[in-house]
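Please work from the sequences and hints to get the whole structure.
Residue numbers (this note's numbering), protein chains in the order written: chain E, 268 to 616; chain C, 268 to 616; chain P, 268 to 616; chain D, 268 to 616.
Keep in mind that a hint or two might mislead.
It does not matter which identical chain is used: a pair holds within one copy or between any two.
Said to hold, decoys possible - Straight line, CA to CA, 25 Å or less: simulated SDA-like cross-link-like pairs of lysine to any residue:
{"#": "1", "residue 1": "K494", "residue 2": "P555"}
{"#": "2", "residue 1": "K494", "residue 2": "P391"}
{"#": "3", "residue 1": "K401", "residue 2": "D485"}
{"#": "4", "residue 1": "K494", "residue 2": "T482"}
{"#": "5", "residue 1": "K494", "residue 2": "D584"}
{"#": "6", "residue 1": "K401", "residue 2": "R356"}
{"#": "7", "residue 1": "K494", "residue 2": "D517"}
{"#": "8", "residue 1": "K401", "residue 2": "G486"}
{"#": "9", "residue 1": "K494", "residue 2": "G432"}
{"#": "10", "residue 1": "K494", "residue 2": "R578"}
{"#": "11", "residue 1": "K494", "residue 2": "L516"}
{"#": "12", "residue 1": "K494", "residue 2": "V528"}
{"#": "13", "residue 1": "K494", "residue 2": "L577"}
{"#": "14", "residue 1": "K494", "residue 2": "P519"}
{"#": "15", "residue 1": "K494", "residue 2": "F585"}
{"#": "16", "residue 1": "K271", "residue 2": "Q537"}
{"#": "17", "residue 1": "K271", "residue 2": "G406"}
{"#": "18", "residue 1": "K494", "residue 2": "S521"}
Since the hints were derived computationally from the structure, they do not count as laboratory data.
There are 4 protein chains.
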Amino acid sequence: MPQKLRAGILAATGTIGQRFVDLLADHPSFEITALAASSASAGRTYGDACAWQLSSDPPAHIAGMVVRECTPDLDCDVVFSALPTDQARELEPQFAAAGHRVFTNASAYRMQNDVPLLIPEVNPDHLQLVRQQKTFSAGGFIAANPNCSAAVVVPALAPLHQAFGVHAVIVNTMQALSGAGYPGVSALDALDNVIPYIPTEEEKMAAEARKMLGTVLDGHHHDASFKFSAHCNRVATRDGHLQTVSVALDRPASLEEIARVWRAWQPEPQRLGLPTAPQPIIALRTEPNRPQTRLDRDAGRGMAVTVGRLRTCEVLDFKFVALAHNAVRGAAGGSVLNAELALARGYLQ
Amino acid sequence: MPQKLRAGILAATGTIGQRFVDLLADHPSFEITALAASSASAGRTYGDACAWQLSSDPPAHIAGMVVRECTPDLDCDVVFSALPTDQARELEPQFAAAGHRVFTNASAYRMQNDVPLLIPEVNPDHLQLVRQQKTFSAGGFIAANPNCSAAVVVPALAPLHQAFGVHAVIVNTMQALSGAGYPGVSALDALDNVIPYIPTEEEKMAAEARKMLGTVLDGHHHDASFKFSAHCNRVATRDGHLQTVSVALDRPASLEEIARVWRAWQPEPQRLGLPTAPQPIIALRTEPNRPQTRLDRDAGRGMAVTVGRLRTCEVLDFKFVALAHNAVRGAAGGSVLNAELALARGYLQ
Amino acid sequence: MPQKLRAGILAATGTIGQRFVDLLADHPSFEITALAASSASAGRTYGDACAWQLSSDPPAHIAGMVVRECTPDLDCDVVFSALPTDQARELEPQFAAAGHRVFTNASAYRMQNDVPLLIPEVNPDHLQLVRQQKTFSAGGFIAANPNCSAAVVVPALAPLHQAFGVHAVIVNTMQALSGAGYPGVSALDALDNVIPYIPTEEEKMAAEARKMLGTVLDGHHHDASFKFSAHCNRVATRDGHLQTVSVALDRPASLEEIARVWRAWQPEPQRLGLPTAPQPIIALRTEPNRPQTRLDRDAGRGMAVTVGRLRTCEVLDFKFVALAHNAVRGAAGGSVLNAELALARGYLQ
Amino acid sequence: MPQKLRAGILAATGTIGQRFVDLLADHPSFEITALAASSASAGRTYGDACAWQLSSDPPAHIAGMVVRECTPDLDCDVVFSALPTDQARELEPQFAAAGHRVFTNASAYRMQNDVPLLIPEVNPDHLQLVRQQKTFSAGGFIAANPNCSAAVVVPALAPLHQAFGVHAVIVNTMQALSGAGYPGVSALDALDNVIPYIPTEEEKMAAEARKMLGTVLDGHHHDASFKFSAHCNRVATRDGHLQTVSVALDRPASLEEIARVWRAWQPEPQRLGLPTAPQPIIALRTEPNRPQTRLDRDAGRGMAVTVGRLRTCEVLDFKFVALAHNAVRGAAGGSVLNAELALARGYLQ
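Below you can see the structure in the form of structure tokens.
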């Protein structure tokens with residue numbers, strides 16, 4: 268058995284940090300060797316510093332680890348970052364400069380030209396962009412996973428874009444509370460309410476979708492050119508971003524062809540059998556009332572995108588419903604899969 | 268003081284029936300003289316037969332009334348119907364044939380050519396269609412209010428359709444639990460969940476929007492011709508259907524022009540000061556995060572349509588958020604306002 | 268018509284401050300002349316500074332008022348305080364020293380010997396304790412309403428204590444989210460959860476119940492001596508603290524006698540017809556499943572205590588369910604009624 | 268490897284039936300060979316007949332099984348019954364008469380003298396009562412698990428009863444929606460509400476607690492004699508019954524002694540290592556705000572009882588909070604553990 272790579276987690280005590288812990292606690296390729304958080308938590312055990320939300324208690328062998336500060340001397344080979352944007356902007360380059368491979372959920376560098384914005388099923392070749400980063404020669408780089416809402420719809424669009432060309436998309440999200448972190452949304456704003464606004468989310472979705480479905484030629488990235496309009500809403504669900512999507516294609520396709528493309532899609536992580544890759548990546552349901560947030564968010568251990576209600580759209584060409592787990596596929600699980608891809612492609616030697 | 272018209276309520280003990288009671292208990296033009304429900308309730312007092320949901324107790328002078336069966340010999344001049352579709356299909360023509368003016372929330376006859384599908388602010392002239400009904404000569408007719416989801420977006424579209432022509436609409440609804448009646452949705456399906464499917468709702472919204480925004484010429488109704496695509500979802504809110512809307516217009520309009528049209532709109536019920544007409548009908552908010560379901564559903568005592576987040580849509584022309592109270596504007600209040608319009612126009616002599 | 272007293276509200280933009288605004292905006296005896304809040308809000312209009320939670324917008328004539336800082340030179344005769352405890356501890360004595368009559372919802376001085384802890388229906392004579400305050404000679408004093416949980420059960424116990432003597436009480440609360448203020452409880456802690464712990468709440472309930480049901484003799488206060496054990500829980504309701512209560516009495520009483528005492532109770536605020544006093548104060552329901560939080564919290568415009576499920580307790584003597592609106596009866600409404608009592612008894616000249 | 272016993276599930280498509288499927292799908296001693304439900308489901312595959320609630324889909328090897336009618340000729344050795352009470356009353360004796368060992372979650376025969384009401388950690392010796400059943404000589408019998416609320420508090424009381432004697436108990440439950448089955452509680456009754464009434468639940472808890480903590484002597488059962496008073500409430504949680512408990516003991520005990528008894532308790536299922544027995548059965552937490560419904564209901568895979576907030580009660584002796592998963596420990600998991608005990612004790616040959 269090959270030795271596991273040593274993994275550090277930044278902002279390990281937060282909502283997404285806990286998901287990183289959960290996904291890496293028994294991972295076949297990575298071993299948690301460092302947990303870092305704010306100075307208020309540093310020096311305490313993880314079990315003590317962390318208000319663990321996922322079950323009664325964190326994994327026993329992790330709970331006893333002492334939390335460190337977020338400094339680049341952490342004892343690890345790869346770094347998973349759940350840092351807030353402003354801290355990520357400052358600290359992640361320091362980690363990369365110190366030779367760390369940083370797999371980040373933060374938005375700080377997502378749109379930077381030489382940072383791959385990566386969904387391994389969608390655009391694995393974008394990983395090569397890390398070679399453009401000036402820290403790469405010394406081994407360090409930053410690779411980002413997308414916004415939790417982009418992570419739902421983009422995998423559903425990707426094989427259709429390849430097969431037919433996506434021309435225009437209107438998407439409406441019904442996003443879970445965990446997407447806003449902890450404490451995040453006030454219960455008084457959530458209960459018996461919908462908030463039809465999530466700051467900067469609609470712009471992120473559009474920009475990130477075009478970046479991820481774009482192409483890398485000669486080491487340079489080029490955005491896709493389709494039109495994308497998002498309506499983003501917060502609803503009272505714990506986890507799982509449900510989205511309704513209307514799409515116009517460049518080349519006409521029947522509903523049967525669309526379903527066939529989704530069912531046939533076997534991208535690289537699935538072909539390689541990467542540990543966190545769900546099988547299948549797109550779970551197409553045919554019941555009239557699925558996917559539903561609670562029933563389907565855990566499909567593929569939170570990594571599958573479940574689609575359903577595929578039907579004709581009177582305004583654009585067709586419409587459907589998509590769902591994925593925002594904190595797994597849309598955050599920590601996305602970065603873990605990014606690291607698995609990087610390992611498989613030889614970027615982590 | 269003129270004598271009030273005597274009003275009967277069919278299915279008076281249900282969710283919408285209770286709203287009729289609430290709106291008519293102190294109405295200046297109508298007086299509740301008959302409450303009818305299923306034979307299980309008939310013969311009991313209303314307070315006893317009804318699991319009143321709106322506050323501790325029904326109005327005292329109503330609670331003591333004896334519930335009757337839904338037969339056309341009810342002692343009243345106008346009838347407000349909250350009957351389920353199949354019962355409405357059978358019973359409402361019997362009431363009209365007996366000379367009753369039936370203002371119904373049921374969908375049974377909404378799409379029938381000679382039945383006006385009415386929002387008094389939107390298409391008051393459609394009321395004349397009742398003259399085509401064969402029972403009209405004897406005084407009886409049926410007039411319907413639209414589906415609770417159509418009742419939200421159509422008033423927002425109406426003045427824009429008049430000013431610029433609506434070309435295409437994509438709407439996503441986040442609909443409240445009360446729209447499904449009582450007991451309606453199981454708590455196990457509602458809590459921590461979104462159900463992206465409401466049977467027949469998407470088709471109803473499209474068909475009813477085109478009927479209401481159509482025209483009546485020489486006593487004959489003609490649908491509007493715009494394209495309309497709906498995604499309908501059930502979320503865990505008690506009351507209030509929130510909708511996100513993307514629109515393409517026939518003639519270009521700036522966001523300022525759209526806002527100006529909404530602000531300037533003073534349709535007939537508002538000009539006449541009908542008792543249930545909200546002032547204004549369209550409440551345009553400019554905060555980034557409004558309307559919100561809980562905060563804005565009671566605007567105009569549940570009769571206003573609150574719109575906000577007006578902005579450009581990258582795919583169609585512009586987009587916005589709309590909200591109204593599904594059980595008031597979208598159901599009982601709609602029919603009460605229909606009756607007020609009918610009274611003002613002389614149809615209830 | 269007598270001139271209204273000028274009222275100031277401290278912490279006017281918060282959850283309870285908004286309730287004060289709502290209750291005083293059209294009050295027959297008080298007129299809002301000053302709104303004060305933190306320096307972040309001071310200088311802005313109330314409509315702008317306040318995230319109004321109670322409906323679409325604050326009352327129009329209030330929304331335009333400019334918010335002031337919480338300093339004792341506010342232009343008002345009486346002060347209603349929704350200050351957090353630590354600020355209350357510092358500022359309320361300053362207001363009293365400046366001659367203001369302070370009606371406070373804060374806990375800072377509730378247990379101080381010369382501060383009346385007041386529910387006008389329960390212990391109106393305790394108001395005389397303000398005469399012991401050293402600021403009283405100059406016209407200023409502090410009078411407190413109880414903790415929002417004590418405000419539910421104590422009115423239900425009061426007439427029974429008078430009639431039969433309360434010997435021991437075990438109470439379990441299921442408290443609403445608004446009791447924790449805004450933003451207060453995280454939605455991630457509230458949804459699909461019960462939190463069986465509210466810091467210091469259980470101790471407050473016991474101490475305050477004994478203080479309020481105690482006696483004032485010769486200007487000195489003496490606690491009641493019954494045993495009181497509370498289990499306090501936070502549940503996912505917006506407003507309304509529901510409580511289950513088991514009681515042992517000093518002198519035996521049948522369920523009929525208990526019901527009779529509740530029904531017959533007409534304490535001073537009801538006899539005087541104080542504007543905010545509900546009629547009746549104790550609403551006894553006989554359905555098997557009432558009171559319920561959502562249905563009954565607004566009884567008596569949020570000022571009534573609804574009781575029900577009166578039955579024998581196998582361990583103590585009898586048991587029942589009690590409910591009142593925590594933010595009205597249990598907070599702002601309690602202080603408004605305290606001020607009305609003070610006005611009626613001549614303390615506000 | 269010994270051959271597995273063939274297991275049938277009655278009412279397999281319902282809320283508790285699904286839990287039986289989930290717990291038995293990979294069980295080391297039992298193998299699902301028969302799924303039975305109403306005649307509306309019979310003849311269809313389980314995947315088709317069942318609205319599976321626990322995740323995206325039922326286990327694949329179960330989903331394809333054809334559902335049978337609930338008749339005693341089912342192909343199985345042991346029967347797990349999730350039947351509604353009235354059907355259980357009629358059908359379970361037929362199954363026992365046909366030689367089946369029936370482990371039931373239904374209340375129909377729980378209080379019958381010769382039916383053991385069993386929590387294997389609490390009263391394993393009561394299993395011998397099945398020998399009194401007239402069907403036992405032919406191999407068939409009925410053994411019941413308790414009401415889902417009794418299943419939470421009774422394990423917490425059991426070792427204390429043994430050590431100190433329980434004298435009196437007042438318990439307040441905050442019960443999850445799944446306890447009412449599916450569709451069960453209307454979302455309109457659950458959202459933003461507490462219902463302080465669950466028909467017959469309070470009586471069941473008292474009677475069942477006394478039966479389970481009673482003794483069997485010479486084949487005859489004798490109830491325990493302590494006083495027990497329950498307040499039962501429905502709150503808006505999916506799973507997990509949280510309870511607050513005040514207890515008086517026969518012999519005084521310090522909080523430390525109580526904690527020590529809980530921590531030291533290793534009853535028979537834990538000593539035998541029965542597959543479904545949690546380790547430990549009583550999980551004592553020392554944080555001030557635990558257990559919480561969402562965080563702790565899955566402890567011990569839903570079979571542990573988590574207790575916390577142990578402290579002095581001013582009225583009785585001490586008080587605490589208890590939580591267990593109502594649909595696992597309190598229903599299907601309880602019956603599976605009953606069957607495991609019966610197997611270990613040789614009742615299933």
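Hints, one by one, checked against the model:
no.	hint	verdict
1	K494 - P555	between (28 Å within a copy, 23 Å between copies)
2	K494 - P391	within (23 Å within a copy, 39 Å between copies)
3	K401 - D485	within (17 Å within a copy, 76 Å between copies)
4	K494 - T482	within (16 Å within a copy, 34 Å between copies)
5	K494 - D584	both (14 Å within a copy, 12 Å between copies)
6	K401 - R356	within (16 Å within a copy, 57 Å between copies)
7	K494 - D517	both (12 Å within a copy, 20 Å between copies)
8	K401 - G486	within (14 Å within a copy, 75 Å between copies)
9	K494 - G432	both (12 Å within a copy, 23 Å between copies)
10	K494 - R578	both (20 Å within a copy, 15 Å between copies)
11	K494 - L516	both (11 Å within a copy, 18 Å between copies)
12	K494 - V528	within (22 Å within a copy, 28 Å between copies)
13	K494 - L577	both (20 Å within a copy, 19 Å between copies)
14	K494 - P519	both (17 Å within a copy, 19 Å between copies)
15	K494 - F585	both (15 Å within a copy, 13 Å between copies)
16	K271 - Q537	within (21 Å within a copy, 36 Å between copies)
17	K271 - G406	within (18 Å within a copy, 55 Å between copies)
18	K494 - S521	both (21 Å within a copy, 20 Å between copies)
The structure is consistent with each of the numbered hints, conforming to all of them.
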